[in-house]
Amino acid sequence: MSDNIVEIDNLSFGYKGRLLHKGINMVFPRGKVVAIMGGSGSGKTTLLRLIGGQLNPNVGEVRVDGDVVHKQSLDGLYQLRRKMGMLFQFGALFTDLSVYENVAFPIREHTDLPESMVRDFVMLKLNAVGLRGARNLMPTELSGGMARRVALARAVALDPQIIMYDEPFAGLDPISMGVVCNLIRSLNDALGATSIVVTHDVHETFTFVDYVYFVSGGVVVAEGTPEELTNSDKPFVHQFVHGEADGPVPFHYPAPDYKREVLRGHDV
Amino acid sequence: MERTTIDLWVGVFLALGLAAIFGLALKVGNLTSSNVGETYTVTAAFENIGGLKPHAPVKSAGVVIGRVDGIVFDSKDYEAKVTIKLDKRYQFSKETSASIFTAGLLGEQYIGLETGYDEEKLQSGDKIKHTQSAVVLEKMISQFLYNKASDTKSSDTSKAAE
Amino acid sequence: MFKGLQGALSSLGHRVIEGIWRIGAGARLFSYICFYLPEIFKRPRLIVREIFSTGVLSLLIIIVSAFFVGMVLGLQGYNTLQKYGSSESIGVLVALSLVRELGPVVTALLFAGRAGTAITAEIGLMKATEQLSAMEMMAVSPVARVIAPRFWAGVISMPILAALFSMVGVLGGYFVAVPIVGVDSGAFWSQMQASVDFRDDIVNGVMKSLVFGVVCTMIALFEGYDAPPTAEGVSRATTRTVVNSSLAVLGLDFILTALMIGA
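Protein chains in written order, with the working numbering: chain A, 252 to 519; chain B, 397 to 558; chain C, 11 to 273.
Isolated chain A (complex conformation) (with noise of 0.2 Å):
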């Protein structure tokens, strides 16, 4: 058995010709909390779809746990799928169910447990994430910070070994997003399980997880340590580290030049 559980093998992914990646490796060793970062639109989000199996690679490919993501029948993929628990980025809750139900659902969905186990379990993850007695209450009724930790309580429900988040800190407040990061180091350390975090907020990241991959243009431009990284002088990775406005990632999306512009039709 492999120590990574989870491996992107030179994979490129596009829509309609333009390609979102090109030529992506990485890995995730077993137990460790990974960081995926980028810019807006780089396509970290797509790279979780693609673990998932949502989508499909145009060239290379996924490996979990030894099995290719891609080549898998719909049985195989639901049977890859069992191990793993995502987190999207609004948390995606199923608004027509209170919160207990929430945190039930895969449970009543992938087992026969009787009642009063699965409000054990339930009773459990909602406790794991201090959500205890919210638990009747429904999903519009959250905040976003409550809503997100139901989400993860949901995610985690049935101990996968594989956690992704999808942006888990967009629009939280900073107490909540503290709340959150400890969430994700303590679940992962305590389930045994892999988290994968794509994010990019650097800060709240930099202080609980183990390895970063940084994406930029469809390639990894950098990797390493959160202090590997810090200290790292790499343009890219000291201009996004530093949230400097200019720099190697160019403030403006590729236009004519901007004198010519605003002087059409005038003559110069």
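Think of the hints as simulated: they come from the structure by calculation, not from any bench.
No residue lacks a Cβ here, since even glycine has one placed at the ideal position from N, Cα and C.
There's no promise every hint is true.
[Claimed, not checked] Covered, in the sense of this in silico footprint (three residues per stretch, anywhere, with C-beta under 8 Å from a C-beta of chain B), are these stretches of chain C:
id, segment
1, 139-151
2, 172-179
3, 197-204
4, 247-256
[To be verified] Derived SDA-like pairs: lysine to any residue, alpha-carbon spacing no greater than 25 Å straight-line:
id, chain 1, residue 1, chain 2, residue 2
5, C, K52, A, K283
6, A, K283, A, D316
7, B, K525, B, T479
8, B, K449, C, K52
9, B, K423, C, Q92
10, C, K52, A, S324
Once you've looked at the hints, dock chains B and C against the given chain A.
Here is chains B and C on its own, set in the frame of chain A:
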């Protein structure tokens, strides 16, 4: 399995639906009169059936006792062959005659049966021998006009004879 | 001039191709629904819940409209029939028009507006808020868990609603004919019973509504499932549900009627 209010409402809904279908069948439709247990089949040949249709009622003394099952054209005798399903409860003589009538002036057409005096009864598969065709309005009118014309002619000649 | 014509032709071609593509995709969704049929029998509770939201919640609008339609038929029928001295036939007129045509068709149109739009909007929003994706990632098929129960609930609800519509409509006609205009109650029912055939009229009406149930629910589900995951996309899909369902119901009604009368 615990019960919920939703179950109750869906139960009410399904019961209402069943009641509606039963109501339609019994109160609005003719399920009660058309589906009366066992039947036996006889045939009858008519020269002209007019506007008779399958499912048309078969009556005797004004009571519905059966239905027309099918109508085919017999290309040997150039007649219409009508199959009739009759209620098992009603027995008719072998000499029964069948006629095609119209309900009201312009209503639907039906078959009327009039029993004969033969002791032997009609059996399934038998053929009713005495039949009377439907009255075709056009034929009747042309006959009436013809008679009228010949009447006037004869009265003319009688006048001339005087 | 030539350019405009070319543009019109090419947009027409695009729409035709788009339409065919959507029909194919809808058929594929339908085949998935059939594939997951056994799943449904394992959990009838899911269908019960959906029958509540598609069927039970449509009861009020169906019953109220049916009563009014029946009353209008009664009034109009009486007005016309009494000129020919056959106002007793009012029951026949009300019952036949309801059982054969108005019951299934108007129910299907109301269903598309009441339940169909709700289905489309709900599924479109579930897609937009990634609930369907989340389900897939939990190794639960959204077709089995979300789409199929709604489909079967719609197919079950429609004939029931149509039968109720016909029955309540006949009662509405009775209400106008007997207490208000004074037609004899016995004549009203007996004339009706003499002319309405169980197999030719009532069973055929129920069959029509069954077909409409399949088509309307399928259109609502497909539009929701296919909607672009944005507010605008969902609102357009909802509109398309009503338009396409109504067109499909009226067109199919013609075909079905032709088949049934021919048979």
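Checklist entry - Has the given pair, K52 (chain C) with K283 (chain A), been kept, meaning a C-alpha gap of at most 25 Å? => result With a Cα-Cα distance of about 39 Å, the restraint between K52 (chain C) and K283 (chain A) is violated, given a limit of 25 Å.
Checklist entry - Three or more residues of the segment 139-151 of chain C near chain B by CB distance under 8 Å? => result violated (count 0)
Checklist entry - Does the segment 197-204 of chain C contain three or more residues whose Cβ lies closer than 8 Å to a Cβ of chain B? => result This one holds; 4 residues, not fewer than the three required, reach chain B with a Cβ under 8 Å.
Checklist entry - Within a Cα-Cα threshold of 25 Å, do K525 (chain B) and T479 (chain B) meet the stated pairing? => result holds, 13 Å
Checklist entry - Do three or more residues of the segment 172-179 of chain C come closer than 8 Å to chain B, measuring C-beta to C-beta? => result holds (count 5)
Checklist entry - Taking 25 Å as the top limit, are the C-alpha atoms of K283 (chain A) and D316 (chain A) close enough? => result Since the Cα atoms of K283 (chain A) and D316 (chain A) sit roughly 15 Å apart, the hinted pair holds (cutoff 25 Å).
Item to check | Pair hint K449 (chain B) and K52 (chain C), alpha-carbon separation not exceeding 25 Å | outcome: violated, 48 Å
Checklist entry - Is the Cα-Cα distance between K52 (chain C) and S324 (chain A) 25 Å or less? => result Answer holds: K52 (chain C) to S324 (chain A) is near 23 Å, not above 25 Å.
Checklist entry - Given the hint that K423 (chain B) pairs with Q92 (chain C), does the C-alpha gap stay at or below 25 Å? => result holds, 24 Å
Next on the checklist: When I compare C-beta atoms, does the segment 247-256 of chain C have three or more residues closer than 8 Å to chain B?
Outcome noted: With 0 residues closer than 8 Å to chain B, the segment 247-256 of chain C misses the three-residue bar; violated.
Hints 1, 4, 5, 8 from the earlier list are contradicted by this structure; the remaining hints agree with it.
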